[in-house]
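Residue numbers (our numbering), protein chains in the order written: chain A, 1 to 350; chain B, 1 to 350; chain C, 1 to 350; chain D, 1 to 350.
Certain hints may be false.
Which copy is meant is left open, so a pair is good if it fits within one copy or across any two.
As the list claims (entries may be wrong) - Taking lysine-lysine pairs in the BS3-like style, the calculated list, with each CA pair at most 25 Å apart, reads:
(1) Lys346 - Lys8
(2) Lys158 - Lys171
(3) Lys158 - Lys98
(4) Lys98 - Lys261
No wet-lab data here; the hints were simulated from the structure.
Predicted, not measured: the structure shown is a model, and the values here were computed from it.
Protein chains: 4
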Amino acid sequence: MSGNCFGKIFRVTTFGESHGQAVGGVIDGCPAGIRINQQQIEEQLRRRQATSQRQETNEIVWLSGLLNGTTTGTPIAFLIPNHDIRPQDYQQEKKLLKPSHAHYVYWQKYGIFDHQGSGRASGRETAARVVAGCIAMQYLEQQHIHIEAYTLQIGAAKVEGFPHLELSSAKENILHCPNMEQASQMLAILDDCRQHGDSVGCKVGCMATGMPVGIGEPVFDKLSADLSKAMLSINAAKAFELGLGSEFANSYGSQVNDLYKPDFTTEHNYSGGITAGISTGEPIYFTTTFKPIPTIMQDQPTVDLNGQAATLQATGRHDICLCPRVLPVVEAMTALCLIDKYLEFKAYSK
Amino acid sequence: MSGNCFGKIFRVTTFGESHGQAVGGVIDGCPAGIRINQQQIEEQLRRRQATSQRQETNEIVWLSGLLNGTTTGTPIAFLIPNHDIRPQDYQQEKKLLKPSHAHYVYWQKYGIFDHQGSGRASGRETAARVVAGCIAMQYLEQQHIHIEAYTLQIGAAKVEGFPHLELSSAKENILHCPNMEQASQMLAILDDCRQHGDSVGCKVGCMATGMPVGIGEPVFDKLSADLSKAMLSINAAKAFELGLGSEFANSYGSQVNDLYKPDFTTEHNYSGGITAGISTGEPIYFTTTFKPIPTIMQDQPTVDLNGQAATLQATGRHDICLCPRVLPVVEAMTALCLIDKYLEFKAYSK
Amino acid sequence: MSGNCFGKIFRVTTFGESHGQAVGGVIDGCPAGIRINQQQIEEQLRRRQATSQRQETNEIVWLSGLLNGTTTGTPIAFLIPNHDIRPQDYQQEKKLLKPSHAHYVYWQKYGIFDHQGSGRASGRETAARVVAGCIAMQYLEQQHIHIEAYTLQIGAAKVEGFPHLELSSAKENILHCPNMEQASQMLAILDDCRQHGDSVGCKVGCMATGMPVGIGEPVFDKLSADLSKAMLSINAAKAFELGLGSEFANSYGSQVNDLYKPDFTTEHNYSGGITAGISTGEPIYFTTTFKPIPTIMQDQPTVDLNGQAATLQATGRHDICLCPRVLPVVEAMTALCLIDKYLEFKAYSK
Amino acid sequence: MSGNCFGKIFRVTTFGESHGQAVGGVIDGCPAGIRINQQQIEEQLRRRQATSQRQETNEIVWLSGLLNGTTTGTPIAFLIPNHDIRPQDYQQEKKLLKPSHAHYVYWQKYGIFDHQGSGRASGRETAARVVAGCIAMQYLEQQHIHIEAYTLQIGAAKVEGFPHLELSSAKENILHCPNMEQASQMLAILDDCRQHGDSVGCKVGCMATGMPVGIGEPVFDKLSADLSKAMLSINAAKAFELGLGSEFANSYGSQVNDLYKPDFTTEHNYSGGITAGISTGEPIYFTTTFKPIPTIMQDQPTVDLNGQAATLQATGRHDICLCPRVLPVVEAMTALCLIDKYLEFKAYSK
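Produce the entire structure from the sequences given, and follow the hints as far as they go.
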């Protein structure tokens with residue numbers, strides 16, 4: 001296995017399995033002098049925490065790279081110990097393939113059928129991303145760049161018009177959805193799923209404001225391309241859309257060209273703040289779609305490792321939907337992508 | 001500027017501006033012994049060629065890395081000379097910002113307002129991707145992996161049900177669209193645009209068959225994440241959707257979980273051939289959405305470099321839609337992504 | 001600060017300061033299925049341990065990547081806690097520059113004058129290299145590749161003719177020196193230094209046997225170039241010599257060309273097992289020279305942070321010579337370099 | 001084959017075989033706005049040119065990245081066509097292994113016995129390094145960093161005391177040796193070799209002045225480590241020594257510690273301008289040793305591809321010593337290393 005690193009200059013490596021001793025990460029390439037707001041990190045970890053029964057710990061053990069709460073420029077290593085390990089919950093599933101789950105490909109790739117959770121494919125790995133992402137966010141905020149993610153869709157309940165709506169109302173509901181009416185419907189859908197032992201997909205919107213013009217590299221390392229990679233690197237992510245996104249396919253140039261105003265901003269920012277792979281100086285916004293959580297509380301037909309038909313009865317502790325707990329992960333990956341491009345930009349600045 | 005390289009093991013660097021002497025590329029890390037099918041490369045370049053008036057050349061000058069038409073393992077460098085350079089076509093636009101175009105961000109980033117085409121942001125750069133991608137495809141085809149892209153949507157004309165339809169019919173129309181009826185409507189839309197001086201967006205589907213199970217790395221370098229980056233690195237790409245894509249947001253786990261059959265394939269392959277970032281052994285399929293070409297043959301309000309209002313009258317030679325010419329580019333970037341992951345997989349194989 | 005990673009495929013990131021909570025590392029890209037010999041790692045850590053008074057701990061905490069003592073292919077994270085932290089030992093030195101020491105450049109680079117040991121420049125960091133290197137060595141040994149380092153010179157006491165001498169005698173002395181007579185002289189020099197509060201430089205030889213022909217890349221990533229980088233990345237390393245090394249400057253082609261025998265080995269292997277950057281299949285051997293440890297128990301004239309003349313009186317706990325404790329570090333870095341090239345080689349193999 | 005790239009931020013890829021159509025390179029990550037001094041590049045290429053009979057061309061074809069002689073920030077691609085290709089010169093050697101030459105390892109690694117020169121292992125490849133290195137040098141010179149290489153040893157003729165001697169005298173002899181007496185002896189040794197059909201090794205010193213304090217990363221990516229890699233990546237390089245180099249093994253801390261003066265410079269700069277992997281602000285100096293050119297004009301016993309004993313009679317066109325033609329290559333690789341670290345440094349600067 002490789003590919004546990006993200007970034008070129010601000011480079012994060014994560015490690016740890018969901019049912020091992022800890023998850024954690026190392027940041028190589030963090031600028032010195034960032035004052036760490038520990039409370040914000042804990043708050044983001046708390047938001048990331050499963051709404052399910054499981055009691056995860058979010059205690060962070062800092063191993064290196066900080067002095068009196070400020071980054072020193074040396075690698076920042078940190079741990080989040082795993083406390084609530086109950087492997088017995090998973091024993092019944094031991095020999096059956098879980099539909100749409102990492103088990104089969106892991107078994108084929110590594111020759112190991114990991115019945116204890118799902119190894120590196122576990123959502124637990126994202127806790128390390130959140131910690132690293134918070135440090136990136138705190139640097140970016142010093143540069144007046146602000147990142148925020150929102151629940152835009154759960155099942156049929158869908159917010160229209162993002163990001164051109166009153167986003168501050170998102171604070172008033174647990175889903176961080178900028179439309180109270182849709183938020184209510186979403187909560188109803190989640191309740192319905194809970195009763196039927198089902199799960200449901202969702203769409204997350206994210207906006208970054210304050211990004212200066214000129215960040216991103218115009219060919220392969222477009223800011224849009226690396227943001228897309230950042231989003232698709234989150235478990236269960238299946239689609240990325242920048243600006244109008246897939247709506248562009250049904251649009252005419254005369255309709256959706258972004259016309260410049262005298263201050264070089266545009267009327268509608270259909271482009272989502274990135275043109276030709278480079279930030280335009282306008283707000284960056286995009287959406288990421290996540291599939292339903294594959295583990296459901298319904299019987300599912302499947303096969304065992306010999307290909308024999310069987311019935312899977314899920315018994316563990318599971319979520320219904322990646323929203324809202326994926327929001328801080330989306331924010332973290334956005335921050336990790338933006339800080340890396342931002343520092344690369346600086347290498348070429350005067 | 002950086003980021004003109006793609007890949008970790010099979011590593012392509014491209015260079016050249018649309019109105020300079022040549023575009024080209026270097027492949028570092030190509031396996032030895034691939035027999036190059038020159039005709040296929042020329043055919044892909046011909047498909048990539050603008051349908052507009054401009055006569056581009058597709059002559060390839062091989063500089064290194066081939067001996068008697070077979071790769072030697074050394075870097076493969078190649079050129080595609082630019083012959084039909086007519087900078088005078090662009091002179092009128094000299095001092096006006098083109099809406100949704102690379103000019104503004106290039107000007108801000110590099111301090112140069114390049115009135116000659118659009119430098120590295122030009123579609124011409126993709127010719128080098130196609131050449132490198134063809135070499136990757138020819139290696140993959142030796143491993144029985146086949147890649148093919150299709151036009152799925154132009155404006156309101158849209159093919160449903162991809163990839164579960166008769167794909168071979170795509171050969172019968174110039175758009176490589178697997179639905180003849182929709183293809184006719186698409187052509188009508190293109191005609192309409194041509195008459196009105198407008199442009200239109202499109203959606204491309206791509207399928208890779210024969211990919212073995214186990215390719216891709218499960219955390220940041222998911223196969224899905226790198227495919228997404230590959231697609232979004234193409235000019236004008238604004239969305240990437242894997243399998244059901246953004247439809248997953250409106251789906252329940254009980255509906256879209258991929259149930260295993262005794263041969264470890266699934267009923268519907270909603271996942272698009274990748275689960276947890278790793279290939280499942282089933283066909284990989286995804287779509288990429290491209291915005292309308294920003295240069296249109298209509299007057300557009302804009303501003304000059306001082307922010308003074310002005311009217312832009314386009315006079316150059318331009319396309320109406322990225323389909324079908326972007327299809328070989330999508331195929332090439334898919335091949336470059338898959339070969340890189342495939343070779344990385346081999347480093348860990350027994 | 002960046003550059004805390006080593007390797008392209010087998011990629012190690014280290015972290016931790018000498019006087020912080022722990023040092024440690026993460027390996028990304030380790031093959032699955034390596035059975036870890038914990039005893040060998042502990043033995044190598046014990047050898048690396050300072051001969052000075054300081055009681056370092058060598059306890060390893062494995063955080064991830066191992067299951068029942070075998071690598072799973074996921075990132076291997078580990079810690080070595082720092083127990084014996086006595087910052088008060090260093091207080092007197094607080095405001096004076098130590099000659100030939102990292103303090104000045106760290107102060108200038110990071111704006112912090114770290115009076116607590118020397119941060120990332122501490123020899124303690126190499127403990128993490130040793131752990132990661134042992135895992136690499138255990139993989140290489142499964143491929144019948146064996147790495148061993150020897151003390152060849154301390155001050156004026158010097159072993160001639162490496163590696164063409166009876167190396168097994170090295171086991172019989174604490175310096176791991178393959179010449180008992182020279183070993184005695186070296187020990188006398190160390191004693192002498194101890195009495196005078198001085199330190200002394202040294203030269204280490206290293207040999208890797210069993211390396212197959214063809215490993216290494218012929219241009220920038222020559223096996224020799226990356227070995228050289230690996231060696232010079234060790235603290236206090238000042239020279240690297242492959243095969244005859246700097247003696248080549250005073251040699252004629254007719255004398256030192258390696259003449260092939262019918263089995264494709266050569267008479268003398270003057271080249272040190274690498275030609276044109278690629279392993280020849282013969283033993284790889286090279287030397288690395290380390291400067292004297294800069295902290296000595298003698299008064300030294302220096303300046304304070306304002307440039308005012310002062311006298312430095314060292315009071316901490318310090319070594320006299322990097323030999324023999326640097327030997328397992330040299331072995332570790334050699335192993336990290338060889339495994340990375342070996343895995344890269346496999347990516348291109350049939 | 002991989003590893004044809006050098007650098008992390010200022011990233012050079014080279015390509016081309018000695019007896020193919022051209023050699024060349026692409027620079028990805030070059031800052032915009034460097035005014036290119038074409039004459040200096042031509043002069044460096046001329047210096048790199050073989051002193052042997054062969055008439056190489058040094059004509060540079062710029063393919064991209066320059067506008068009116070100034071870098072635009074886009075990839076700079078360039079070619080140096082090969083004109084004087086006389087493969088017939090090499091035919092007799094076709095089936096015999098050349099001692100200490102790349103042929104054997106290439107044959108084993110790539111399965112091809114390349115009788116036409118030595119492919120990527122040819123010294124011709126270094127022409128591309130020189131071009132790229134000159135661009136880096138011109139950027140560095142704008143920052144008042146100056147790089148210069150000197151012949152210090154050919155056979156038994158050896159200059160002592162580098163760099164503490166009158167370096168400007170090097171301009172007065174063709175070897176660029178800073179000691180006229182030794183230069184005469186060196187020329188006599190070269191003459192002697194020419195008469196006897198022999199070749200001889202050499203040592204090159206290099207000094208970089210004007211480097212600010214703080215450049216380089218303190219752990220694996222030490223400035224010393226990457227300089228060492230840069231040097232050992234040059235064909236035939238066998239040793240790298242920084243500052244006192246291997247003399248450190250026979251030195252005491254009390255002798256060779258660099259004592260600070262009130263202006264933070266040191267008495268002797270024994271360290272060679274780098275401590276703990278980071279530039280000290282004092283002149284950087286180091287040496288690189290090159291083995292004798294393996295092709296000699298004497299009969300040599302060898303074997304054919306079946307291991308049968310044979311006699312090799314060299315008949316091509318060959319040099320006697322890598323000095324002085326390797327000097328601009330050493331300067332180029334030094335520049336490529338320094339610019340990369342310098343730009344990385346900037347990414348973290350305020």
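Results for each hint:
{"no.": "1", "hint": "Lys346 - Lys8", "in the structure": "both (13 Å within a copy, 15 Å between copies)"}
{"no.": "2", "hint": "Lys158 - Lys171", "in the structure": "within (17 Å within a copy, 38 Å between copies)"}
{"no.": "3", "hint": "Lys158 - Lys98", "in the structure": "neither (29 Å within a copy, 34 Å between copies)"}
{"no.": "4", "hint": "Lys98 - Lys261", "in the structure": "between (54 Å within a copy, 12 Å between copies)"}
The structure shown violates just one earlier hint, number 3.
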